[in-house]
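**Q** Each chain, written out:
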Amino acid sequence: MPSRTEQKALGRPGAGPRRVSQAAQQAQPAGEWRAPWPVRDPDATKRPEPVVPREKKRLAFILSLIGATIVLSVWSLATGSIDCGPLEVIKALIPGRPETDLSYLIVHLRLPRLISALAVGGILALNGAVLQNVLANPLASSFTLGITQGAAFGACLAMIVLPVGATAHVSLSLVALCAFCGSILTSLAVMSLSLLRGMTPQGLILAGVAISALLGAGTMSLQYFASDVQVVSTMFWTFGDLGRGGWQESAITMSLFLVWLALAIFLAWDFEALKWGETQAQALGINTRRLRFFSLLLTALTTAAATAFFGVIGFVGLIGPHMVRLAFPRAGYMFLLPCAALFGGTFIIAADLLARTMLYPLVLPIGIICAFAGVPMFLFLLFKSAMSYA
Amino acid sequence: MLEIKNLDVWLAKKPILESVSFAAAPGRISAVIGPNGAGKSTLIKSVMNLVKIRRGQILWHNRDLTGFSRKALAKTVAYLPQNSHPVPSKVYDSVLLGRKPHLSFRPGQDDRRMVDEIIEDLNLGDLKDSCVTKISGGEFQKSLIARLLVQNVPVMLLDEPINHLDVKNQLEIMELVQGLTVSRKLVSVIVLHDLNFAMGYADELLLLKNGKIVFSGPPEKLSVEKLKMAYQVDLKIVPIDGKLKVIF
Chain A
1 MPSRTEQKAL
11 GRPGAGPRRV
21 SQAAQQAQPA
31 GEWRAPWPVR
41 DPDATKRPEP
51 VVPREKKRLA
61 FILSLIGATI
71 VLSVWSLATG
81 SIDCGPLEVI
91 KALIPGRPET
101 DLSYLIVHLR
111 LPRLISALAV
121 GGILALNGAV
131 LQNVLANPLA
141 SSFTLGITQG
151 AAFGACLAMI
161 VLPVGATAHV
171 SLSLVALCAF
181 CGSILTSLAV
191 MSLSLLRGMT
201 PQGLILAGVA
211 ISALLGAGTM
221 SLQYFASDVQ
231 VVSTMFWTFG
241 DLGRGGWQES
251 AITMSLFLVW
261 LALAIFLAWD
271 FEALKWGETQ
281 AQALGINTRR
291 LRFFSLLLTA
301 LTTAAATAFF
311 GVIGFVGLIG
321 PHMVRLAFPR
331 AGYMFLLPCA
341 ALFGGTFIIA
351 ADLLARTMLY
361 PLVLPIGIIC
371 AFAGVPMFLF
381 LLFKSAMSYA
Chain B
1 MLEIKNLDVW
11 LAKKPILESV
21 SFAAAPGRIS
31 AVIGPNGAGK
41 STLIKSVMNL
51 VKIRRGQILW
61 HNRDLTGFSR
71 KALAKTVAYL
81 PQNSHPVPSK
91 VYDSVLLGRK
101 PHLSFRPGQD
111 DRRMVDEIIE
121 DLNLGDLKDS
131 CVTKISGGEF
141 QKSLIARLLV
151 QNVPVMLLDE
161 PINHLDVKNQ
171 LEIMELVQGL
181 TVSRKLVSVI
191 VLHDLNFAMG
201 YADELLLLKN
211 GKIVFSGPPE
221 KLSVEKLKMA
231 YQVDLKIVPI
241 DGKLKVIF
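Protein chains in written order, with our numbering: chain A, 1 to 390; chain B, 1 to 248.
None of these hints come from the bench; they were simulated from the model. There could be a bad hint or two in this list.
To be verified - Below, in silico cross-link-like pairs of lysine-lysine (BS3-like), each with a Cα-Cα straight-line distance of 30 Å or less:
{"hint": "1", "chain 1": "B", "residue 1": "134", "chain 2": "A", "residue 2": "384"}
{"hint": "2", "chain 1": "A", "residue 1": "384", "chain 2": "B", "residue 2": "128"}
{"hint": "3", "chain 1": "B", "residue 1": "75", "chain 2": "B", "residue 2": "52"}
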C-alpha cells in the first residue's frame, strides 16, 4: 500500500518535480508547464540583464589589477636617488648585461624592496580575508589575534633587555628572530584556545584582544625602564620599513606568500561554506575546527615573518579584502582570495612609492602612508555602497 | 532505512533526549513535533553528529553514522539547520555549495549541470544570478532546499523549514518536500511547529516532550489526550473535508 505521501503525490498531475519537468520538456513548450505548487510569474519579476556581464567585469578587474601592479612596479624601480626611464629598468633586469651603478641599485636595492612590498601586502590582505572568514568577523585582521603586538613585544625585548644595543641595525637578525618568536608564541596561545570544544570564533577574537592588551602593557613597561635612545629605536621598529630586508628576507617572505596563497585557493570552497556559518559548513562535510586551526597557523606564520622582517604595517588586512568585497559583494572566495592578495600587494607598492617620493629625500614610514591613503579611499567606498543599499 | 536506537543525549549535565528510538523509511516524511525544548532539534543534530551522544546508536543501513567522518556523513545526510541566514552570494553559487562534499578542489562540468537541472526544477531559474540577501524568504528557503538536493544524498533532515514564512510559501515548501521525498525516495525527517502541517504532510509522527517519546506512529492514530498532555493546552483534533485538523 502506498504511503500517505505517495497517495497524495500520485493524486496530483505531477508526482515529483524532476519527473514533471522531463515530461514537460517532451510534451509541451517549457513556458506552458505549470508546477504542481503555486509559482511566481517568471515574466512579471524578471530581473533586467546586467549591462556588462558579470564574468567580463571580473576579468576586467583582474586584468586592470595586474596592469596596475606592472606599471607601479616599473615606476617604483625607476624612482629613487637616481631616476631613470622604464626602458632602463627593463635593461637593468635582463641578466648578463654589464653592471652599471644604476643597474646595481635597481637589482640589489629596489627589486628586493619591490618584492617585499608585493609579498607583505599580499600576505596581510590574504590573511585579512582568511581571518575574517574563519573568525566570522569583518574586523578580523592580523592585529586581532595579537600577532603584531607579539612581534612588537619580542622586538622590544631584544632591543632593550638583550645586549643588542641601541643601533639595532648591527644585529637586525636577532631582533627579527625575537619578533618572530614573540608573534608565533602569541598566536599559538590564542590558537590553542581554538581547539577547545565550545570555543566560539567570537571568543577567540576577545582572547586575541585581551592578549594584545597584555603584550601592549608589557611593551610599555619595558620602554618605561629603557633609555631614551632605546625607546626611540623601538618606536622606529614599529613604524615598519620595507627597506630593512635584503634579498634573503624578500625571498623568504615571497615564497611563504606564494605557498600560502596556493593553499588558500585550494581551500577556497571550504571558506565559501564556512561563510554560511559553523553548522552549515559542518553539514557540508567540513571539519571546521581543523580548518580554523590550520588557517590560524598559516596566518600566524606568514604574518610573523612579514612583521619580524619589515615591522608593523597596518590596515592592509582590512582594506584588501573589503575593497574587493565592496566592488563584488557576491564574489566567492575563489575570486576574493587572489584578488584581495593582489590588491594588497599593489596597494603596498603604491604606498611605498608615495612614501619615498612625497617628501624626497626623506622616506616616510610606510604604515603612516597606508593609513593616510587607504582610510579615505575605504570610507568613500563604504559610504558609496551604503548609499546604494539604502 | 534510518534507525535511531535508545538514544540518550546529555548537554551541560542535563538529559535532553532519553531512550529515543524511531525509524524512518525511504519515500516517507517523518515529522518531529513537540513543545519548545522537547529535544526536536537535538534529535536532528545528533544524527548530524553535531552533539555528543551519551548512549545509543544511529544506524543507516545498519552502519553506525556516529563513526562517520564529516565528509562521509555529508555524502549520506543533507541537513537544513534552523534559522539559516542569507549571506551575500549569488543564488547559483549558494546552490552549487551543496556539491562541496563531493568536491576535491572545485566544481566541474557535471556539478554545474546538476545545479542547472535542480534550479530549473525548482523554478529558481530567473533568480540564479540574484543575490541571496535580496530574494524573499520563501525563495531563500527554496534555494536552501535546492542546495540539499544537489548534495544528492538519500537522507534529508529539515529543522523547521517553514518558520517565518507566509501560508502560501509554507504550502509551497511542504508540497515541494513531499514531491521530492516521493520522486527521489528520500528519507525525510522534518521538525515542524505547525501541527496542521505535521498532520497533513507526515506519514509518521514523532511527538516529543522533555526528551522522551510521547507518541510515534501515523497521524490518524494520534490521540488528542497525548497532544494535550505534551503541549499543556486544551485542543481538539477534528476532521475537516477528510483531513485531520488541530483546533485550539
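**Q** Now look at each hint and say whether the structure bears it out.
**A** Hint check results:
Taking the CA atoms of residue 134 of chain B and residue 384 of chain A, the gap is about 18 Å. The hint holds against a cut of 30 Å. With a C-alpha separation of about 26 Å, the suggested pair residue 384 of chain A and residue 128 of chain B falls inside the 30 Å cut-off, and the hint holds. A distance of roughly 20 Å separates the Cα atoms of residue 75 of chain B and residue 52 of chain B; the hinted pair therefore holds under the 30 Å criterion.
Taken one by one, the earlier hints all hold for this structure without exception.
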